[in-house]
Amino acid sequence: MAAPSTTDVGSPHPYIPATDADRVRMLERIGVDSIDDLFADLPSAARDPALMLPPPLSEPALIALLADRASENRAPSRPSFLGAGAYRRSVPAIAAYLAGRSEYATAYTPYQPEISQGTLQSGFEYQSVVCELTGMDVSNTGLYDAASATAEACLLAVRATKRQAVALLEPIHPGIADVIRTYARGARLRIDQIDSADVVSDDHACLVAQQPNFLGGIVDLEPLAEAAHEQGALLVAVADPFALGLLRAPGDAGADIVTGEGRDLSGGPAYGGPSLGLFAARSQFLRQMPGRIVGRTRELHAPDGANPRTGYVLTLQAREQFIRRERATSNVSTAQSLVALSFTIAVQALGPHGMRDAALLCYQKAHDAARRIAALDGYEVTSREPWFQEFLVRGPLPAPQLLARLDEQGISAGLDVSDRKEREARDAWLCCVTEATPDADIDAFVEALSLVGGQTDGGS
Amino acid sequence: MTAPRPSAADAGARLSFDHGAPGRRAVDVPRWTGVQTPLPDAALLRDGVRLPELSQGELVRYYTELSVMNYGIDSGTYPLGSCTMKYNPKVNELIASASGFADAHPLAPIDGMQGTLRTLLELQRGLGELTGLPHVSLAPAAGAQGELAGALMIAAALDARGELDQRRRILVPDSAHGTNPATAAMAGFNVTQIPTAADGSLDRATVERELDDTVAAAMVTVPNTLGLWEHGIEDVAELIHEAGAYLYADGANFNAIMGRARYGDLGFDVAHLNLHKSFSTPHGGGGPGAGPVCCSDALAPYLPTPIVAEGDDAVQLAAPQRSIGRMQQFHGNVGVLLRAYAYMRALGLDGLRAVSGQAVLNANYLRALLHGHYDLPYDRPVLHEVVFSGSRQKREHGVRTYDIAKRLIDHGFHPPTVYFPLIVDEALMLEPTETEPPEAIEALADALIAIAEESASDSDALHSAPHDAPIGRLDETTAARKPILRWTPTEES
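So the sequences go chain by chain: L and G.
Here the first sequence stands for residues 1 to 460, numbered as in my numbering.
Here the second sequence stands for residues 1001 to 1493, numbered as in my numbering.
These aren't lab readings, by the way, just hints derived from the structure by calculation.
A hint or two may mislead.
[What the hints assert, rightly or not] Covered stretches of chain G, going by a simulated chain L footprint (3 or more residues, C-beta under 8 Å):
{"hint": "1", "stretch": "1060-1073"}
{"hint": "2", "stretch": "1238-1248"}
{"hint": "3", "stretch": "1292-1304"}
{"hint": "4", "stretch": "1329-1339"}
{"hint": "5", "stretch": "1358-1368"}
{"hint": "6", "stretch": "1392-1405"}
Using N, Cα and C, we set each Cβ at its ideal position, and we do this for glycine too.
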């Protein structure tokens, strides 16, 4: 290669291959003088505004800047007992490794099945795993997150029942309830947050119940399904797929649609996202489902006289926005495919025994920590039994003060729920311990709580 | 080119469930050895989960074998129109995986999350500056969710004006992405379709005729899905505002105009961007993406929650005064937002202008190279993409665009978007993006020209294509008529 001349600045950026010489050649072929000429249709008054943006950074400078930002985040390296919808998990390392393969990561939605069997077959694996965990007949390839998936489930129930109200059983995660309210704006649905399934009526398209619920309690879904069905409403269960390694499949208990959050089993909490909305249903709702669905089929023509091979395609697309437009079951297009892949691999790596053992470990470890805290002077665990990995603690100080005190010591003790209406939550905070919570963190937590208690006893 | 190769065995017939053996495991889960807490009532528990039992190496091989049947932007040229399949910088993956970002709990105390929040605040400001719509929420998880946020914001603003019951219609061009009418319907509106005029822009006479006090908004893609500038869009904006309605920009094609024109300056009230397109975050075979929504002062109080805002001594998560509410349980696809921020900083203003300039140059170069070989229904300079028609090949040789797309796979390319926009017969929508070198564009053009010639000389080769892919054409009809959508034990052969 000749050394570049001083007039040839070459490629403008490592992400853009064309050089000045290339551009000259291309412009000649097109028959225009400059790149600016190609923008001649833009109104001159709006062309090339002066913009305030920082100058470009070299790769080392970029890495250094964002390494600084990452280390400015002090919270992730501190002991944390926050749960409330995002849970630390021991995710098998191969999940992120395999999902990071660029054949998966840099592909688009599999519109061309002949060169997308990796995405499609793994999508079929995902659907199979979600159906097994939830006890449902059919699953899509995933939606944005648990909350928006649950909102879509409510819209499905509204279409299926032609009713205009939705019942949310408390305690439900406030973020999930908020998203349902947002999605309900278009159809102007009435949202009732209810304390007992007894008040489900024939106004309601569905009853939404969280498993475990927002305060950590394990819910018996069967009577909820009966109460909903008695009124002609559907039961939508928002279930933690990790807990389903141990808990009864919601489909077994009578749920009609199961949603859930797959983020935690796919990788880190990542400040909430990328997330993954599980969405599975009974087969009668298949043609009402939102999102992409993968189906198994065979080749149209056998290669050289052999048997046609098995392959996978996006199917039942007549539900979707790019075909049905304003009559589509949802507007969703790009969702969370790569997170779904990671989720699938993590669940399959854990396998039938690992899913159960990990859930058991989580249950035992959380209960052991709760027992240790309850044994401290001035503390009580107020949760209703049974619960899974989150429990309510009432301490010697009002919860906000106590959490602030722990925060000063570098511990995120959990979520303040002291202003909630449930009796067991009054003056309490919600504390989470999972199979992935380090033992040393639990020890430090118990120690810090005992000191706060001791200080109080000492009249500080 | 490292295009996927044909697979001899019937790999698709064997799922993970059909591999391995009972007792194998890919990871060890420690047993609890402390005090045993009794389990809940057995009626609340399950007996077991049916899942495959594979060793770690077997599971890795299975998903590696699957992966090589995939084609990604790292495999080769991916001119999928409307999808902006550009190179995804690897440094961004490294950055987002740092523990300080990846291990952050979404409810972590704000003062312990200033690194992420400052980064998101700067991203918001950058997107506001680039779109000319200064108020931004990063919450929407993808373009379609950004659209929904925008449409609901318009509804909320109309509601505040007491006009929501009266303004029930949203105008959508016939060239629009399907998400636009689907979004309008989800937000509770009716859709009025606007035809495309001979020059490829909105039919102005129809817009003027339809505009009245029943119209809530118009959703317009700029540049449009023909890859063309929307002529007179600034005048349309004025008409729409005079009629008391709002103008929404579908920013899917923002890559064409980044740093060169702004939706706000053109008169748009609200727009969404697809960061997994214009800002280079990997598409992942169907997400995760991010679809921030950007708006004017007037719509700012209705933005979805949260927005990132500068507080007195720290950056905060805030709820706009009259917010439509949350789109996500937490704060959106933050990992994607971090990658997009890194991309914005790596390029800077000059780099982003170079992106749009080169993307447009590349599309016009491809247009020039293919000119005459395929019909060009809107024969004028394009922006980031060019839409050809295979109607000549269909008419003269009985070759469909579908066949052309499949044959392109044999040449080692991902096919273009086909049969979209709907208003172009046998549409072939090509978007090379700025990250393809000229020789890749030339090779793509050569392949498409060879296919055009082949459609005259050997149309059978096209009808049965692809010949050189991991699998041949699949029976999509049976897949939909007799859906098999999951593994079941009885299906094992």
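Hints versus structure:
1. Coverage of the stretch 1060-1073 of chain G by chain L holds [criterion: at least 3 residues with CB-CB distance below 8 Å; count 11].
2. With a threshold of 8 Å between beta carbons, the proposed coverage of the stretch 1238-1248 of chain G by chain L is violated, since 0 of its residues qualify and at least three are required.
3. Restraint check on the stretch 1292-1304 of chain G versus chain L: 1 residues with Cβ-Cβ distances below 8 Å, three needed, restraint violated.
4. Given a C-beta distance limit of less than 8 Å, the hint that chain L covers the stretch 1329-1339 of chain G holds, as 9 residues qualify and 3 suffice.
5. With 8 residues carrying a beta carbon less than 8 Å from a beta carbon of chain L, the stretch 1358-1368 of chain G meets the three-residue requirement, and the given coverage holds.
6. Look at the stretch 1392-1405 of chain G against chain L: 1 of its residues bring a Cβ nearer than 8 Å to a Cβ of that chain, fewer than three, so the hint is violated.
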